[in-house]
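Student: Sequence:
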Amino acid sequence: MKPDLKFVSAEEAVRLIESGDHIYVQGSTSTPETLLDAMVARADELRDVTVYSGFGITKRPAPYCNPIYKDIFRVESFFTNNSVRKYINEGYGSLIPRFLGEVPELIRDGTCRVDVVLLNCSVPNEEGLVSFGVSGDIATSAVECADRIIAQINPNMPFTYGDSTVHMSKLNACVWVDEPLVEVPTATPTPEESAIGKAIAERIPDGATLQIGVGGIPNAVLGSLTDHKHLGLHTEAMTDGVLPLLESGIIDNSRKKVYPGVSVAALAIGSRELYSHMDHNKEMIFKDVAYTNNPFIIGQNPKVMSINSALQIDLTGQICADSIGTYIFSSVGGQHDFVYGSSRSEGGRSFIAMLSTTNKGVNKIVPTLTPGAGVVTTRFQANYIVTEYGCVDLRGKDLAQRAKLLISVAAPQFREELEKAAAERFGYSFLRLK
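For the sequence shown, my numbering assigns the number 1 to the initial residue and increments by one for each residue that follows.
These are calculated hints, taken from the structure and not from any lab test. Each residue gets a CB set at the ideal place from its N, CA and C atoms; glycine is no exception. Among the hints, a few may not be true.
[Unchecked claim] Pair ranges (Cβ atoms, derived):
1. Glu416 to Asn66: 44 to 50 Å
2. Thr326 to Leu16: 21 to 27 Å
3. Gly261 to Gly396: 22 to 28 Å
4. Phe296 to Thr370: 43 to 49 Å
5. Asn125 to Ala41: 29 to 35 Å
Assemble the whole structure, with the sequences as input and the hints as a guide.
Tutor: See the structure below:
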């Protein structure tokens, strides 16, 4: 049964959008695609509309990302997701570089004005609150600052607690949309990914607080933690990989100092099973990403283990995780926030994990980053680097020592050329290590 709200059609709802507006579109796996289609159908009536997007995984390219709309919709991204990636790299849209935990400040202080927010929400609870469920992250600040809130009310959206709610009286227009959320089930790890997961799990102590990135390797780590005890979760992204650990009590959050007993995240990306587990679950809260990704809050928890991935690493420990050369693939996300936060945590460690080569056999540990590549984690912050060939700790190591360690976990077929590059670059300080 539909809740006690006044519903209008999507076409009527988006009539609240005006030329010159700045719009934030909710992300994660909950992009309000019905509203976007209706907005684009009004393209002939609109001009100079700025559309902001963040981290997310969508069913298809964003409908406003079409060159015929280039003078109507100005596309700006805080995180280049699959819906806008091609359009941005073609030069029609652009990326706003910012640590993800600092994006809400851009909205709150008016640097990036938000007039309208497009949401995908749960049905109201008994208190009249609707939840944007899988996406607290940037949506929280956008809802706080927007003049107009247009929402899809979707019975498939889980109701989550924390910062991810707004009272239905604040909604300017509601559209009933019964559509499943995008699902991103956990992939079975390859043998190489499993080796990486095991190497990291061996270095995670009982009582640690976990931050897990998105992808096969982070999930391989979670799958290797079945013998651990009293783990906590304070992360940016909630994924399917945590479910077995939550259900078995391995993650019980008993040793955390920030929200003890409760799992904390900013967003969720997973399967229907994860979304069902989240629904009305008071042992999970979804917070503003300015909170979850605040290094000074992260660092209050003990033994923070930050686990993220990379696209390329150079011999000094510079980590590229957002681009392939000049091609913008994603953004900084929360990697920097949690790498720094873990360094502030008593007993904390950060892990950057990746396969040593691309699926086309291209080396990912290189003498220097590809021209145009972005440095997401600097060599001054790099800690553990893990590939299928082992795990090395760069903390406290000089440049030559780092090169030697990184070469040891590179793909064997590239080690000789890396040795030559390191000898040429670092000279005797490297050669004496042989």
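Student: Against this structure, judge whether each hint is valid.
Tutor: Results for each hint:
The beta-carbon spacing between Glu416 and Asn66, approximately 48 Å, falls within the hinted interval of 44 to 50 Å. The hinted window of 21 to 27 Å between Thr326 and Leu16 is violated, with their beta carbons roughly 38 Å apart. Judged by the Cβ atoms, the range 22 to 28 Å given for Gly261 and Gly396 is violated: they are separated by roughly 35 Å. In this structure the hint that Phe296 and Thr370 lie 43 to 49 Å apart at CB is violated, the actual value being about 33 Å.
Between Asn125 and Ala41 the beta carbons are some 32 Å apart, a value that agrees with the proposed interval 29 to 35 Å.
Hints 2, 3, 4 from the list above are not met by this structure, while the remaining hints are.
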